[in-house]
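Residues per chain, in single letters:
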Amino acid sequence: MSKFRRTLRQTFTVIRRDFTATVFTPTFLLFLLAPLIFLTFSVAGGIGASQITDSSADKLRMVVIAPPAQSATIQQVDRQLRTLFPKRGDEAPPPLVIVAPDANPAAQARGMFDADAFEAAAVLHGPLDKPEILYAARGWGEAQYLAQIAEQTLRVQRAGLGPAPLSTPTRTAVTREQASFSGKGQVASAGVFGIFFLTLFLSGQAVGTMAEERSNKVIEVLAAAVPLESVFFGKLIAMFAVAVLFLAFWATLIVNGAKLLPEGAMRLFADAAPAVGPVAFPLLFVGYFTMAYMLLGAMFLSLGAQTNTQRELQMLSLPITFFQMGMFGLALAGTATPGSWVAFIAEAFPFSSPFAMIGRAGNSSAIWPHLVALAWQALWVAITVTVGARLFRRGVLKSGNPPFWKRRRAAIDTTVN
Amino acid sequence: MAVSASGLVKRFGARRVVDGVDIAVPEGMVYGVLGPNGAGKTTTLRMLLGIIEPDGGARTLLGHDNPRDASDSVGYLPEERGLYPGMKCREAIAFMGALRGLPWAVGRKRAVDLMEAAGLGHAADDKIRKLSKGMAQLVQLLGSVVHEPKLLVLDEPFSGLDPVNQERLEKLIRAQRDRGATILFSTHVMAHAERLCDRLSIIAGGKVRFEGTVTDARATLPFKAHYTPHHDAAGAGALLPTDAEREGEGWRFTMPSEGIEALLVKLIDAGHGISGLSIERPGLHDAFVRIVGQQALEDAA
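Protein chains in written order, with numbering that gives the first Met the number 0: chain G, 0 to 416; chain H, 0 to 300.
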């Protein structure tokens, strides 16, 4: 059997052991369903928060204190202005209440803010050509709206126009031939965020995978039978396979769940279109996620393998998270300024490269840089694993040549002796 | 040669743990590496297997300069035993075989057969964490032979085993030798080495102090005589060699180089008579103590 085939076989043996040892345990079920805990609490918290918000939003009103003769025109103007806002969502202004003025409209307006029946966001009183608008904290938008109500009502009155609209437009939805700048930017940012969160949640697990072998003393058996590089690669790939299983499970749920969403729920992303095209982008996303996982996982695995105690291992989690955040920040800065030197550094630095390059895939249509980047990142995966295995051999197994400065000192000592 | 090494050197910091070790293990032989604690036995075995790289010297394993190239034909039981506690016994054995190129399915089948033969058949589906230390050690040994290696390297295989399991292990080692495998094992318990080894090396202070057969090792010491006089045991001492030591009613002394006959004649003529006489061959234990003790004296000097 050739050396390569033997190494491959040994790596697969390690993968198989680690994968089955991880997946066929009750803990894996907990790991797989962990997002449910997050979702359950998020949904419960969201429902509670929205109930509180809704109950206060339901009571929110804009008030116009005006003679009954003006009511019909004001209501007509309000109806026309409301067509500028979507029917659902937070952008629409609260309902308008028209109240007849009493003897002291200024005092009446102030009194509206203390009313029990509703919560006034802004109140308009006085003549429409010189109205007084009072508004509460966070009621500036409503005050602007009331100002427009006054302006448009006055215009309608002076022009002597009826309720029928003067203009009857024809609306036609157009699909762009090319991705818009905002659409590309949206996809680029989503890609960077996506890979960052996936690696943040999943690759950190690699840090403790050698701890089992060290505590069980199995490492001696493995090191005697298999090259350490195979052990490292095997463990890394097994953890990646576990991550892929996790993602496949949730992706299936999300894709099927998305079908249940009401029509138009994805309208926010209607303009989102990656520059490399809708087929290449998901493929590149998978490729860069793989590389990001492998690169960061290899580094974390190598660092974790050097630790002697569980406490040392736990101490690593904070610097690891910050390192990932740093790579994410660098990649995001590069994505926001395509073609800049920051973007170049983010794309070239191996550990931020996958994040930055998925951003580039969103912004730029050229494919060849991605082939170069994937090869570059794969090379760094190999380098990181090799360096990690050597450090392990030297630091933990006490093997291999000493570092060059120690070799030099030993040579000097020998010469002196 | 199944294993050969010349001038192996390993330093840990400034200390030379292994200092120019030469070993040659012919094929099909049970070869012991004996030495006191800290002699460098484990480090030597680890270098031979390629787990750690030597700082000097050369070694070949089953004809390969790089021990890794022979790894599929080697079985190894390390001094620090290690198994995955969550694995079933037969899975653990099959896994160790798979690391050495044995297909999992074959490994599982052989594991059951091996466990049956070793009297552990009832535990084939038990998880490692349920086993006693001795049983786990035997399972690991079975894992190191499941792929039927040409060379079996055992580092302190008897440590931590009760007499019954030690007997089982000796039987297993003999079975491997009968299969044609070469066995290289380290120990500091002389009784096992005396019973099992065809040849042996005694390592002390990182150097080989003796190499040869058990008989050769024992021959480094003269025979001992145990003589019990019929009359006046105390007075007989004056006629005996200077190293004679009183032992109960008799004396123990080194056999004179010219033989014991002349001495006996003298003792009979002096009226001490012979109530008992035995000639003892020195054991491996005595040879080991002398060789290692000599090294300690040399180091002290």
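It should be emphasised that the hints constitute simulated quantities derived from the structure, not laboratory data.
Keep in mind the model is a prediction, meaning the values are calculated, not measured.
Yeah, the Cβ is synthetic: ideal placement off N, Cα and C, and Gly gets one too.
Careful: at least some of the hints might be erroneous.
Claimed, not checked - With a Cα cut of at most 25 angstroms, we get these calculated SDA-like pairs of lysine to any residue:
| # | chain 1 | residue 1 | chain 2 | residue 2 |
| --- | --- | --- | --- | --- |
| 1 | H | 108 | G | 11 |
| 2 | H | 126 | G | 81 |
| 3 | H | 87 | G | 29 |
| 4 | H | 129 | G | 395 |
| 5 | G | 216 | H | 37 |
| 6 | H | 132 | H | 173 |
| 7 | G | 216 | H | 52 |
| 8 | G | 216 | H | 177 |
What the hints assert, rightly or not - Cβ-Cβ distance ranges computed for the label pairs, FRET-style:
| # | chain 1 | residue 1 | chain 2 | residue 2 | range |
| --- | --- | --- | --- | --- | --- |
| 9 | H | 19 | G | 385 | 27 to 33 angstroms |
| 10 | H | 68 | G | 396 | 44 to 50 angstroms |
| 11 | H | 289 | G | 19 | 35 to 41 angstroms |
| 12 | G | 15 | H | 289 | 36 to 42 angstroms |
| 13 | H | 12 | G | 385 | 51 to 57 angstroms |
| 14 | H | 27 | G | 240 | 28 to 34 angstroms |
| 15 | H | 104 | G | 385 | 29 to 35 angstroms |
| 16 | H | 27 | G | 318 | 32 to 38 angstroms |
| 17 | G | 336 | H | 13 | 52 to 58 angstroms |
Stated by the list, open to error - To be clear about the criterion: a stretch of chain H counts as covered by chain G if any three or more of its residues have a C-beta under 8 angstroms from a C-beta of chain G, and this derived list gives those stretches:
| # | region |
| --- | --- |
| 18 | 81 to 95 |
| 19 | 237 to 246 |
Each hint, compared with the structure:
Between the alpha carbons of residue 108 of chain H and residue 11 of chain G the distance comes to roughly 20 angstroms, so the proposed pair stays at or under 25 angstroms and holds. For a cut-off of 25 angstroms, the pair hint linking residue 126 of chain H to residue 81 of chain G is broken: about 71 angstroms separates their Cα positions. The suggested pairing of residue 87 of chain H with residue 29 of chain G holds, with an alpha-carbon distance near 23 angstroms, which does not exceed 25 angstroms. About 29 angstroms separates the Cα atoms of residue 129 of chain H and residue 395 of chain G, which puts this hinted pair outside 25 angstroms; it is violated.
A distance of roughly 20 angstroms separates the Cα atoms of residue 216 of chain G and residue 37 of chain H; the hinted pair therefore holds under the 25 angstroms criterion. Restraint check: the Cα-Cα separation between residue 132 of chain H and residue 173 of chain H comes to about 22 angstroms, which is no more than 25 angstroms; the hinted pair holds. Taken as a hint, the residue 216 of chain G and residue 52 of chain H pair is honoured in the structure, with Cα atoms around 19 angstroms apart against an allowance of 25 angstroms. Using a Cα cut-off of 25 angstroms, the hinted pair residue 216 of chain G and residue 177 of chain H is violated, with the two alpha carbons roughly 30 angstroms apart.
At roughly 31 angstroms, the beta-carbon separation of residue 19 of chain H and residue 385 of chain G lies within the given 27 to 33 angstroms, and the hint holds. Taking 44 to 50 angstroms as the suggested C-beta distance range, the pair residue 68 of chain H and residue 396 of chain G does not conform, at roughly 19 angstroms. Between residue 289 of chain H and residue 19 of chain G the beta carbons are some 53 angstroms apart, a value that contradicts the proposed interval 35 to 41 angstroms. In this structure, residue 15 of chain G and residue 289 of chain H break the distance hint of 36 to 42 angstroms, their C-beta atoms being roughly 52 angstroms apart.
At roughly 25 angstroms, the beta carbons of residue 12 of chain H and residue 385 of chain G sit outside the given window of 51 to 57 angstroms. The beta-carbon spacing between residue 27 of chain H and residue 240 of chain G, approximately 43 angstroms, falls outside the hinted interval of 28 to 34 angstroms. About 33 angstroms separates the C-beta atoms of residue 104 of chain H and residue 385 of chain G, a value consistent with the hinted range of 29 to 35 angstroms. Against the hinted window of 32 to 38 angstroms, the Cβ-Cβ separation of residue 27 of chain H and residue 318 of chain G comes to about 54 angstroms, which falls outside the hint.
Restraint check, residue 336 of chain G to residue 13 of chain H: a C-beta distance of roughly 54 angstroms satisfies the suggested window 52 to 58 angstroms. Using a Cβ-Cβ cut-off of 8 angstroms, 8 residues of the region 81 to 95 of chain H lie near chain G, which meets the minimum of three, so the contact claim holds. With 0 residues having a beta carbon nearer than 8 angstroms to a beta carbon of chain G, the region 237 to 246 of chain H misses the requirement of three or more and the stated coverage is violated.
The structure is inconsistent with the numbered hints 2, 4, 8, 10, 11, 12, 13, 14, 16, 19, although it conforms to all the rest.
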